[in-house]
Amino acid sequence: MKLSNRTKVMEQGEMTLAERMYLPAIVGGMATTLKHFFSKPVTIRYPEQQRYLGPIFRGHHILKKDSEGAERCTACGLCAVACPAEAISMVAEERKPGEEKLYREEKYAKVYEINMLRCIFCGLCEEACPKEAIFLRHDQMVPVFSSRDEVIYGKDKLVEHMDQRYLRDGWK
Amino acid sequence: MNLLTDIFLAKAAFIGAVFAITLGIAAYSTYFERKIAAFMQDRIGPDRAGPFGILQPLADAVKMFMKEDFIPANSNKWLFIAGPCLSMLTALMTSAVVPFGDTVTVGGVTFDLQGIDVNIGILWVFGIVSLGVYGILIGGWASNNKYSLLGAIRAASQNISYELAMGMAIIAILLFTGSLSTKAIVEGQQNGHWNIFYQPLGFLIFIICAFAECNRTPFDLPECETELIGGYHTEYSSMKLGFYLFAEYINMFISGAVMATLYFGGYDYPGIDFVTAQFGSTVAGFVGMGALIGKALIFVFIFMWVRWTLPRFRYDQLMGLGWSGLIPLSMYNVVVTAFGILIGKPFTAGIVGFLLLIGGMVVYDQLFVKKKIA
Ligand code: SF4
Ligand code: SF4
Chain U
7 MKLSNRTKVM EQGEMTLAER MYLPAIVGGM ATTLKHFFSK PVTIRYPEQQ
57 RYLGPIFRGH HILKKDSEGA ERCTACGLCA VACPAEAISM VAEERKPGEE
107 KLYREEKYAK VYEINMLRCI FCGLCEEACP KEAIFLRHDQ MVPVFSSRDE
157 VIYGKDKLVE HMDQRYLRDG WK
Chain P
2 MNLLTDIFLA KAAFIGAVFA ITLGIAAYST YFERKIAAFM QDRIGPDRAG
52 PFGILQPLAD AVKMFMKEDF IPANSNKWLF IAGPCLSMLT ALMTSAVVPF
102 GDTVTVGGVT FDLQGIDVNI GILWVFGIVS LGVYGILIGG WASNNKYSLL
152 GAIRAASQNI SYELAMGMAI IAILLFTGSL STKAIVEGQQ NGHWNIFYQP
202 LGFLIFIICA FAECNRTPFD LPECETELIG GYHTEYSSMK LGFYLFAEYI
252 NMFISGAVMA TLYFGGYDYP GIDFVTAQFG STVAGFVGMG ALIGKALIFV
302 FIFMWVRWTL PRFRYDQLMG LGWSGLIPLS MYNVVVTAFG ILIGKPFTAG
352 IVGFLLLIGG MVVYDQLFVK KKIA
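Here the protein sequences come in this chain order: U and P.
FYI, in our numbering the residues of the first sequence are 7 to 178.
FYI, in our numbering the residues of the second sequence are 2 to 375.
If we strip away everything but chain U, and leave its shape as in the complex, we get (with noise of 0.2 Å):
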């Protein structure tokens, strides 16, 4: 029985002359190899030419704020719970009266740590977020360590910085 029409018998028979002759299949090989010569490359001079990767990249992480400058996270722990490589730790503490413009809401994460070398960038943190507070840059990677003590990114290199705020491409 046929499942598909496309089936292609294979018949080894006799080489013909022009075969047995190897020349002619050689001059047509060099001819595709010199087109080849001739044709753009495809690879690029990577760390000094980069590639768009799509807006959905999913690079170095980032603690995003509101538009006034507080962070939105409140430590629900919702993101660790999620992680499979169990890569986010945090520690919550209460908000205190005068922090409004700091903090969102009453409780906030004062260390939130994420373990790079655990980290497999699958992104189910950003979608177990509730407050929609940790993202996935699509524009930065997470540069290339060196040794065992840069590997645990905390606050410092995670919260977002007002000057510099993070915009997917498909939120403009």
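It should be emphasised that the hints constitute simulated quantities derived from the structure, not laboratory data.
Simulated restraints on C-beta separations: (1) G51/P <-> D145/U: 27 to 35 Å; (2) P61/U <-> D48/P: 27 to 35 Å; (3) S10/U <-> P271/P: 57 to 65 Å; (4) T49/U <-> A339/P: 47 to 55 Å.
Away from chain P, derived, C-beta distances all over 10 Å, residues of chain U: (5) H66; (6) I68; (7) K70.
Cβ atoms here follow ideal geometry from the backbone N, Cα and C, with glycine treated the same way.
With chain U's structure known, arrange chain P with the ligands on it following the hints.
What follows is chain P with the ligands alone, placed relative to chain U:
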């Protein structure tokens, strides 16, 4: 006496220059091999060492020198060292008889742009090229390793098989020139009477054999990762390995120069009369040297081009092609050439012979070879 020392000095300077050019070209061949490979595979290639990566050969040389120079305990120490030296030596010696240019006059001294003009020039090339296989054979044997030995045996049998056809192809050239001297061969081809027009078949045979002699793809069977690890240089490291690899590139350049000499008019180039009349024969001689090197470099490019196009032969295919393909073909070529010289029309005979051959193969194919069941 004074004249003698002047000529001696001029020759020494020339040989030094050829030596430097050969080494420089071989070193940069390694770079261009990678670049060409990259371009043919739509990549960019090495570009980290210096602008466009042009310092890559230096980096390679430093790497090679810095590696540990290891000699296996059970190897034959002296032969193990002699192997790469011999490869390098024979690779460099061939260039002695290649006529790089016509006679030039520098500072009142007149000399040939050629290492030595011996009357056995072509035999010299052959002798040295066949000695070249000793470098591989000795290296493979001295390593005391079965893979090395197998690789060396492959190299030896391959070189011997293809030398026969190569020699036969050259006999046809000798019939034309009537001299073994490379200089005479080139002089016979001046003003555009290049041998390639008279000997298309001979050139085809010669270039295929040159590929085999240089152990280049599609005949690079002596090294074979899947079957033989590194082949004859499995046990080699550091600069000894570097010598082997380097010798291959030198061989490539030299065989390009030999092919240019034998089939493409050597230092002949279109417009040589004009340059001679305008600037004198010395300038014309040096331009001719450039022309020869240019031709040789085109061959080097073809070597690389083929390498990045073709897969390799199987070993029995290699032997089949050599013994039952190229040797009968080259014999046919000798007969046709001799006939052409006998009737005094070598050009017509060459073309007619080529067409007859193709016609004969087609007829044979129609009559005797089983067809594909359509
Ligand atoms: S991206 Fe995935 S692995 Fe990384 S912190 Fe978020 S949930 Fe965990
Ligand atoms: S980032 Fe989001 S999910 Fe994680 S603790 Fe903060 S609010 Fe909760």
